[in-house]
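Top to bottom, those sequences are chains A and B.
In terms of numbering that gives the first Met the number 0, the first sequence opens at residue 0 and continues consecutively.
In terms of numbering that gives the first Met the number 0, the second sequence opens at residue 0 and continues consecutively.
Take the hints with a grain of salt, since some may be wrong.
Pairs of lysine to any residue residues, derived as SDA-like cross-links and limited to a Cα-Cα distance of at most 20 angstroms, are as follows [what the hints assert, rightly or not]:
| no. | chain 1 | residue 1 | chain 2 | residue 2 |
| --- | --- | --- | --- | --- |
| 1 | B | Lys11 | A | Leu29 |
| 2 | B | Lys13 | A | Ala81 |
| 3 | B | Lys625 | B | Gly522 |
| 4 | B | Lys11 | A | Ala68 |
| 5 | B | Lys89 | B | Arg160 |
| 6 | B | Lys563 | B | Glu581 |
| 7 | B | Lys452 | B | Ile189 |
| 8 | B | Lys13 | A | Glu128 |
| 9 | B | Lys567 | B | Asn491 |
| 10 | B | Lys772 | B | Gly651 |
| 11 | B | Lys13 | A | Gln1 |
| 12 | B | Lys11 | A | Asp51 |
| 13 | B | Lys401 | B | Lys452 |
| 14 | B | Lys13 | A | Glu69 |
| 15 | B | Lys87 | B | Gly477 |
| 16 | B | Lys11 | A | Asn7 |
| 17 | B | Lys11 | A | Gly52 |
| 18 | B | Lys772 | B | Ile189 |
| 19 | B | Lys13 | B | Asn30 |
| 20 | B | Lys87 | B | Leu472 |
| 21 | B | Lys13 | A | Ala79 |
| 22 | B | Lys11 | A | Pro84 |
| 23 | B | Lys13 | A | Thr40 |
| 24 | B | Lys452 | B | Pro43 |
Which residues of chain A face chain B? A partial, calculated answer using Cβ under 10 angstroms [unchecked claim]:
| no. | residue |
| --- | --- |
| 25 | Met0 |
| 26 | Gln1 |
| 27 | Leu82 |
Quick caveat, the hints were computed from the structure, so don't treat them as lab data.
On a predicted model such as this, the values are computed, not experimentally measured, just so you know.
Virtual Cβ for every residue (Gly too), placed ideally from N, Cα, C.
Residues per chain, in single letters:
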Amino acid sequence: MQVEVTVNGQAHVLEVADNTLLVELLRENLGLTGTHVGCDTSQCGACTVHMDGRSVKACTVLAAQAQGAEVVTIEGIGSADALHPMQEAFRDCHALQCGFCTPGMIMSAIDLVSRNPGIDNAGVRAGLEGNICRCTGYHNIVRAVIQAAQNM
Amino acid sequence: MAKEQGIGAAVKRKEDLRFITGSGRYTDDLNQPGQLYAAFLRSPYARADILDIRSEEAEALEGVVAVLTGVQMAEDGLGDLPCGWQVKQKDGSDMVSAPHPPLAVQAVNYVGEPYGIVVADSIATALQAAELVTTEFRELDPIVDLVLATDSERIHADVARNLAYDWELGDAEATDAAMQRAAHVTRIEITNNRLIPNAMEPRAALGIYEAATEEHTLYTTSQNPHLERLVLSAFVQIAPEHKLRVIAPDVGGGFGSKIFIYAEETAVLWAARRVGRPVKWTASRSEAFLADAHGRDHLTTVELGLDAQNNFVALRVSTRANLGAYLSTFGSSVPTYLYGTLMAGQYRTPNIHVEVSGVYTNTSPVDAYRGAGRPEATYVVERVVETAARELGVDPADLRRKNMIPPDAFPYETPVALVYDTGNYEASLDKALALADYVAIAERKAEAAGRGKRRGIGLACYIEACGLAPSKLAIALGAGVGLYESGEIRVNPTGNVTVFTGSHSHGQGHETTFAQVVADRLGVEFDAVEVVHGDTGRVEFGLGTYGSRSIAVGGSALCRAADKIIAKGSRIAAHMLEAELEDIDFADGQFQVRDSNRSLSLGEVAFASYVPADYPEDLEPGLSEKAFYDPENFTYPAGTHIAEVEVDVDTGVVELVSFIAVDDFGHVINPMIVEGQVHGGVVQGVGQALLEHGIYDDQGQLQTGSYMDYCMPRADDVPDLVVDATVTPCPHNPLGVKGCGEAGAIGAPAAVINAVVDALGTNDISMPATPEKVWRALQG
Ligand code: FES
Ligand code: FES
């Protein structure tokens, strides 16, 4: 089947198998390997991207469902010389260790903060409940999200 | 060099920019032209004979390139996966190691054990083909229960009683005698729950074979690529070492689970050679649950004897350790030398005896997981000490303090084979008690009671042996390899520096901390130092990262290499400055003639070494030095962790309300990174105490095989953490460092459970303290 989708501002028309997941389209067809796969039960959030302005788990969305959508991935929110405030805050607060959960965590956090400006510690913890990090113990992730919330 | 980027500075990490922008390169992100994909045939049974494998239908599927089994692997002459640590039994005989073919040939012994590999042109086709393979098994009764296992049928023909070893440490007679004389004996039974490591990046492998050169390349998620190359060459004999390159690119966490030499990575490389095209495999999370080595899983009886003044006089420990179906790479050493040796804890208990039975069961192999033996030991010691305090009606902190090894007693030889080099245990205890406002706990309990909550506080005073390891000692105790580390520093002609280390970073931030160390030692800019690791083609040798060893052993190797750079640079500078060698001082990146204003920078000396016109006659050109560092002793990080919990009496839910960690890691290179390591370790420890449990049913089926049923700690399960430090520098390595990677996971389980016990007023609670267990305990 054919999917028309805009990813990080660029329009694509792609030929994919019917059962292709959005995360596969991003990683395999477009080579956007910043979006990771950490589980097969929609539990870890490593694959989180934005679709039409909302965070979604890209392992749980069919490519077909992204027909006509605007998708933004970790590669699309900032660049090495112009980081998104959330990226900046993650680096500043040492909110990542191995970095594997990080893209999904950042994408979830951006969505969380944009829907809840002024969010507090408990709000961040509850809001990031769908993203697992095995390295950081979350302490510095929570700090980073609150810091970014003040700069977004 | 800017001091704010040297040793001790909280420098932001070099590696972060690529990770926060999505440009990290993990194994699954890599692809090769013509690449094929692998799926594994895995046993659905915990114990069965393989009678027949029929793969015609699978092979006929379009896109399938090969279906390969253990039979073909054996025909190709590949050897077994070895266990790297030979444990001696009580009677002096060797442990009994069952054969472990990478792909099972005649029998399967745990659910998920691989016995074949399907190679196809897409993942979907490979998975579909794997479904089309029909395998005829003869099901056998699985041996799952750790207690019954030694009285059950043999899992492996050559292993009587399913016992890999019966091991002991310490003086049994003296301990028995002291226990007899004790005024009070506290005895408890302890379960250390099976954990499933769950690094967020699943294991993956990409195998490449070049027929014309016979070069084999394996990209894989390894914590120790050189060890992987060594084992694959020397034991599995897949390819000679000089024709095998193992590359561990960005690796998404390990916690021990990526140390081991596994079947799948081996099979992928072998399959790539068989089919003549690159082959890639990435584990699904479901596969990771089944086929990554698990951690812990002990049953222990412990007795602590005290005299009438509450001095510890004897500790007797008897443990049954579940090793799973096969001995994984370091599986034998974890419940023995990394466990029994830590039973003195922080205390001057004079008589200790530990015995451990290592038992095979039809479950996934069990091996090192963050802390590896030391969390289990700490849990035993700190639970029994806590219980003794409660039985005797004394304050648990006071009882600990009374029995601690005093700061003037170092070096301190324990009754269980270690010599603690340095420490000040009371200092970390005091600091933690102050941070916890320990004296006011009664008020907080009363306040919580007013809200219908039971509040409790729990301590864990832990010690660990890190910086693995003095090679001679380790080899004498059964290790199959030395445990030194290598490092190399190349000062490039233009004065910047490339550093090669045999340590491997998979989240620890070595690219930053090792650069800080080298920048500091050589007086160059932090940004002028690049750290290379994880590639046997670029780094000479290495033992990798585990056991909190990287800075203590790998960092020390780099210090040695830096010393050699300075020594050679001094000779060059003396020549160029027409001075005597003895008159050259090196500081802040400058070689200076003492009491003069004549000096040369490291960069100038480096340039001269590569363009050797004005150069000493008898000196080789170039400014590049290597060092191997073999530690004299282990390092002994120690500290006090204090957890405070509130238990909801209606639901049994335990809320962790505060956690304080005061650790003595010796000198710290980057406090930001060290704190992060503590945070991560603590939350893994909290996970063990409250949430995580790998459970098999009596048929050997894993009941907790996904994130739906294996409860990982999430952001809302834990509070902000308080992390602080005391410092007694390690006296025997050049940086005075001890290592920080495992402490959190070592101290936290005992601290949390002691807090739950305090809240409930009953000792009868096992990990994980789930709401159901706690609620039942509350019903009495
Ligand atoms: S990969 Fe999508 S939630 Fe885990
Ligand atoms: S940084 Fe490793 S999983 Fe979050």
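Hint by hint, here is what the structure shows:
For the given pair, B/Lys11 sits about 31 angstroms from A/Leu29 by alpha-carbon distance, which is inconsistent with the 20 angstroms threshold. As the CA atoms of B/Lys13 and A/Ala81 are separated by approximately 17 angstroms, the hinted pair is consistent with the 20 angstroms bound. This hinted pair checks out: B/Lys625 and B/Gly522 have alpha carbons roughly 18 angstroms apart, not beyond 20 angstroms. Of the pairs offered as hints, the one joining B/Lys11 and A/Ala68 is violated, with about 37 angstroms between alpha carbons and a cut-off of 20 angstroms exceeded.
A hinted pair counts as satisfied when its Cα atoms are at most 20 angstroms apart, and B/Lys89 with B/Arg160 qualifies at roughly 16 angstroms. Of the supplied pair hints, the one linking B/Lys563 and B/Glu581 holds, its CA atoms being roughly 15 angstroms apart against a limit of 20 angstroms. Straight-line distance between C-alpha atoms of B/Lys452 and B/Ile189 comes to about 26 angstroms, which puts the hinted pair past the 20 angstroms bound. Between B/Lys13 and A/Glu128 the alpha-carbon distance is near 28 angstroms, which puts this suggested pair outside the 20 angstroms criterion.
Taking the CA atoms of B/Lys567 and B/Asn491, the gap is about 14 angstroms. The hint holds against a cut of 20 angstroms. A distance of roughly 8 angstroms separates the Cα atoms of B/Lys772 and B/Gly651; the hinted pair therefore holds under the 20 angstroms criterion. Between the alpha carbons of B/Lys13 and A/Gln1 the distance comes to roughly 41 angstroms, so the proposed pair goes past 20 angstroms and is violated. Of the supplied pair hints, the one linking B/Lys11 and A/Asp51 is violated, its CA atoms being roughly 33 angstroms apart against a limit of 20 angstroms.
Under the criterion of a C-alpha separation no larger than 20 angstroms, the hint pairing B/Lys401 with B/Lys452 is inconsistent with the structure, at around 32 angstroms. At roughly 32 angstroms between alpha-carbon atoms, B/Lys13 and A/Glu69 are farther apart than 20 angstroms, so this suggested pair is violated. About 8 angstroms separates the Cα atoms of B/Lys87 and B/Gly477, which keeps this hinted pair within 20 angstroms; it holds. For the proposed pair B/Lys11 and A/Asn7, the alpha carbon gap of about 28 angstroms is over 20 angstroms, so the pair is violated.
Taken as a hint, the B/Lys11 and A/Gly52 pair is broken in the structure, with Cα atoms around 31 angstroms apart against an allowance of 20 angstroms. With a CA separation close to 15 angstroms, the supplied pair B/Lys772 and B/Ile189 stays within the 20 angstroms bound. For the proposed pair B/Lys13 and B/Asn30, the alpha carbon gap of about 25 angstroms is over 20 angstroms, so the pair is violated. For a cut-off of 20 angstroms, the pair hint linking B/Lys87 to B/Leu472 stands: about 14 angstroms separates their Cα positions.
About 12 angstroms separates the Cα atoms of B/Lys13 and A/Ala79, which keeps this hinted pair within 20 angstroms; it holds. With a CA separation close to 16 angstroms, the supplied pair B/Lys11 and A/Pro84 stays within the 20 angstroms bound. Distance hint between B/Lys13 and A/Thr40 is unfulfilled; the C-alpha atoms sit about 33 angstroms from each other, more than 20 angstroms. As the CA atoms of B/Lys452 and B/Pro43 are separated by approximately 45 angstroms, the hinted pair breaks the 20 angstroms bound.
Interface restraint check: A/Met0 against chain B, minimum CB-CB distance 15 angstroms, threshold 10 angstroms, status violated. Below 10 angstroms, beta-carbon pairs count as interface contacts, and A/Gln1 has none with chain B, the closest being about 19 angstroms; its hint is therefore violated. Proximity of A/Leu82 to chain B holds as hinted, the smallest CB-CB distance being about 7 angstroms (cut-off 10 angstroms).
Of the numbered hints given earlier, the model fails hints 1, 4, 7, 8, 11, 12, 13, 14, 16, 17, 19, 23, 24, 25, 26; all others are met.
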